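Line order of the protein sequences matches chains A and B.
Using this note's numbering, you'd call the opening residue of the first sequence number 1 and step up by one each time.
Using this note's numbering, you'd call the opening residue of the second sequence number 1001 and step up by one each time.
Honestly, the hints are just simulated from the structure, not real lab data.
Small disclaimer: the values here were computed from a predicted structure and weren't measured.
Hints should not be assumed to be uniformly reliable.
What the hints assert, rightly or not - Below, in silico cross-link-like pairs of lysine to aspartate or glutamate (DMTMM-like), each with a Cα-Cα straight-line distance of 25 Å or less: (1) A:Lys427 - A:Asp78; (2) B:Lys1342 - A:Asp275; (3) B:Lys1239 - A:Asp275.
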Amino acid sequence: MKMRRKTAALLLATLSLLSLGAATGMTPNGVHAGAVAPASGPAPVRRLTEAQYRRAIADIFGEDIKVVGRFEPDLRVDGLLAVGTSAISVSPAGLEQYDDIGRGVAEQATDAGHWDKLVGCPRDAHGAEALSCARRFFSQTGLKLFRRPLPAAEAERLARSAVAIGDQLKAFPQGVATTLAGMLASPQFLFRLELPEASGRLGGYTKASRLSFLLWNSAPDDALLEAAAAGSLDTPAGLRAQVERLMASPRLRDGVRAFFTDFLQLDEFETLSKDGLIYPAFSASIASLAREQTLRTLTDLLIDRNGDYRDIFTTRRIAMTRTLGPIYDVPVARDGWYIHEFPQGDPRVGLLTHAGLLALHSHPGRTSPTLRGKAMREILLCEKIPSPPANVNFAVVQDVNNASLKTTRQRLQAHLDDEECASCHKKTDPIGLGLEQFDGAGQFRTRERGELIDVSGSFDKKAFDGAGDLGQLFHDSAAASACLVNSVWRYANGRNPSAGDEDDIRALSAQFSGQGYRLTSLLRTIALDPAFYGTSTDVRIARTHEGKKEG
Amino acid sequence: MSRRRKQLPRFGRGLSAASLVAMAATLASAADAPTGGEPGVRAFVLSNIYMASSGDAGACPVLADGGIEEYFKSLPPEEQAKYSVAGKLGELEQGKRPALEQDMDRHFGFRRISPRNKSVVSGQAKLPPDFDPTAKPTAEMALRIGALNGFPKNRGRWAFSNQVIAYSACTDPLDFPQLGKHFRTYDGKVAPGIDLDGKTKRGDFSGLDGAKGVDNQLWRVMGCVRAFRENGDKEVVEKIFISARAPTLIEIRGIDDPRNDPEVTVNIYAASGSLVRNARGGALAGMTFDIDKDPALRATTRGRIVDGVLTTDPVDIRLNYKEQIIDAPRQILGARIRATLKPDGGIDGAFFGYYSLASYWDSIEQMTQNGANLTSVSCPGVYRALHRFADGYKDPRTGRYTAISSAYGFTGVRAFVANAPAEFASRRGQ
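Given the sequences, and given the hints that come with them, work out the whole structure.
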């Protein structure tokens, strides 16, 4: 403990070495990122998400380094955490958490088991040998952590700090660990600082970061950093080579998973729970597997098979594992994950019938056509549904033992008699009721309290009867495809589009359709688009230039 | 009944004819099983197999004494006083049972050796030089180790899941007849079961439903033993899993109508995995189980469903029975199933048949003397009654019966069976 207090004091000293405030407006005690961007317009500063932080640590220091601690919550803005990353900073409590997590990582990275691989020089080095060693380590590690090369003076300051702390503690590794912990709590690591260079344009390293976080959800790897250093990302051929390399990598899966986790709000699974008396087959492990099931199903269709995005609503293929068998009421003869294919005519078809999503948008002890309909509208169609008024009376809807109104449809109908409620519910409930053959844990049923469940309805003035029909209508919905394009764009850019971006997004949508609704094509198009690497100034200049050409 | 007409899948009731036709077409292709599993097949994992109880508590006003109670009663008053509740001579104080048990072990010369870790309860074990603790235990090795350690001649048997070699009233009940002196058998007129031999004869019971000629002599043997009576109690049955570690599966194939079908195939398997609990603490329904690799733990027979009740033709079965220290598969000869198929997909019913004396005694013997003392069972009493009331499968050579009529209830939940051998998976009850 004594050692910990001492290193804490030394860490503060280290933080001051990192010129924290200069780039972000964050004070040296790390309280506030005053320069954060609004949710629309350019997004020069984005906080790393928890997933990005974890991935970066694994990439830089190794998969065996444990990242232990609670992260400050991410913020969802207009449906996407990615947009929220440019609207949040770090609270004092949050910095403390980052500090704790960073210390844990630094201690592991510099322990005897990792020292040789990551640092390399003798643990008892001192004097010039220690300084040289620290200089090399911080220079190399700084490049990966801060996603840009450290100026020699900055590396020198860090190296001297590490040696001085090591001398004071009579342990060189402690000095390295303390300085490294400071770097891990630095805004230059925690935030993606996408500031223009003196020319007003984004530099190669910033481009590398944008590209890497979009496609791999992690910091750039060595090859990408080398390309940035060589300036090849500034040439169309060099950029294309890197884009193709990243897209051909298995790590593209990480990037696509990260997008869908954000887009479908799968992070909500972490707090999903059900009433065990009502849904005894559901458990925390089911929730976790259900999330994984959706992600695996999507990557199977969209990456492994390079399929049509719209087919997520109609595919009969679904990732399955034995533990999920009881929820789906199917035999699972294999161990581990595999792709299960439901036969034609089966009630399970497409994303809308994934048990996890059905359970997520339900109450703990009953279904909710309203929540399901709201989620479909907001998430999959990018619509906005207002929150209910504070004084709304849910008594009838919640009375699951109502003797005369046995089904949820009947109870909701009674609710809809209220004109004020009806205006929103008519958007959400009809499609939500189409999924009523799946209970609050996502299990199939045909009856509710003995009554046959009616799953007919209409969506966009087209009639449907059940989840299969509804999935087909979503498949055919131009709004659903447009929502995906819009969401990928916002995810990539970390912000909502401004007025000037709308034409670009429309063009992107047209291209998406023309390319057979392939997500990989959409990602490639964005990754190769110069506008993706531009500051708002860049984009304005480019548009003016294009306008002149066209004129 | 036509074998061509297949059962509508459970979810099919809400589907259109067109989609069912489409599904039927796909079922013939490469698609996996639909929601609800393979049409025409229902399977169950049994969460509890228990000795069915007559519920006729009045027939046992005094329950059978266990071996330790017999010993206690046999002590002279001054000795009994040491283990009695203060001021109540003859009433065993529960806290003094361990001391009484030690006294009993010394008195009868019970022995218990744990050769696999070279420790013994009563002294240092001597082991033959060729003893290999990792080798499969043999009866011959148990006798040799017994001889080396002063056991009586030709005594010493493996017990406690083959972890110990013991000599006691449970390994050698005939050596200690005095510990079964007050063993009580069930003298009631009613017992669960069915008429296994087609005869109504002296000693048969009336069934719980009033049926005559019920054969269940195992209940006559065990019906007044407290632990066995309690295990058949409905509340206990529903709350406690027996054989959760190695559950039994029942699979019905070729079902055209789940309420009435004159011909189905019934497969009985041992599962290779354990039962999984749900959030309520009950058995999780809908899990898929692989079957045990041992072919001896599989059986198949014909059956029929009438008004939702399944009955089968007789078949010899071997059911896994692994519970705590016991690993003694139940061999039930000429077993028939009668079971209600519940609307929730579960099953309640019983195996009726002749339990082989050898496999039944194996389960009692494996309790060990400690287990018998804890549950107030008299091994000599059970042994003697078991052989006295055995009523099935006479050995023509000895003229002695080798099995005893029995009724074992079970309860189970819906499950799926995976990786059954092709000859089982393809059977359609034709």
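Violated hints, by number in ascending order, as checked against the structure: Structure breaks no hint.
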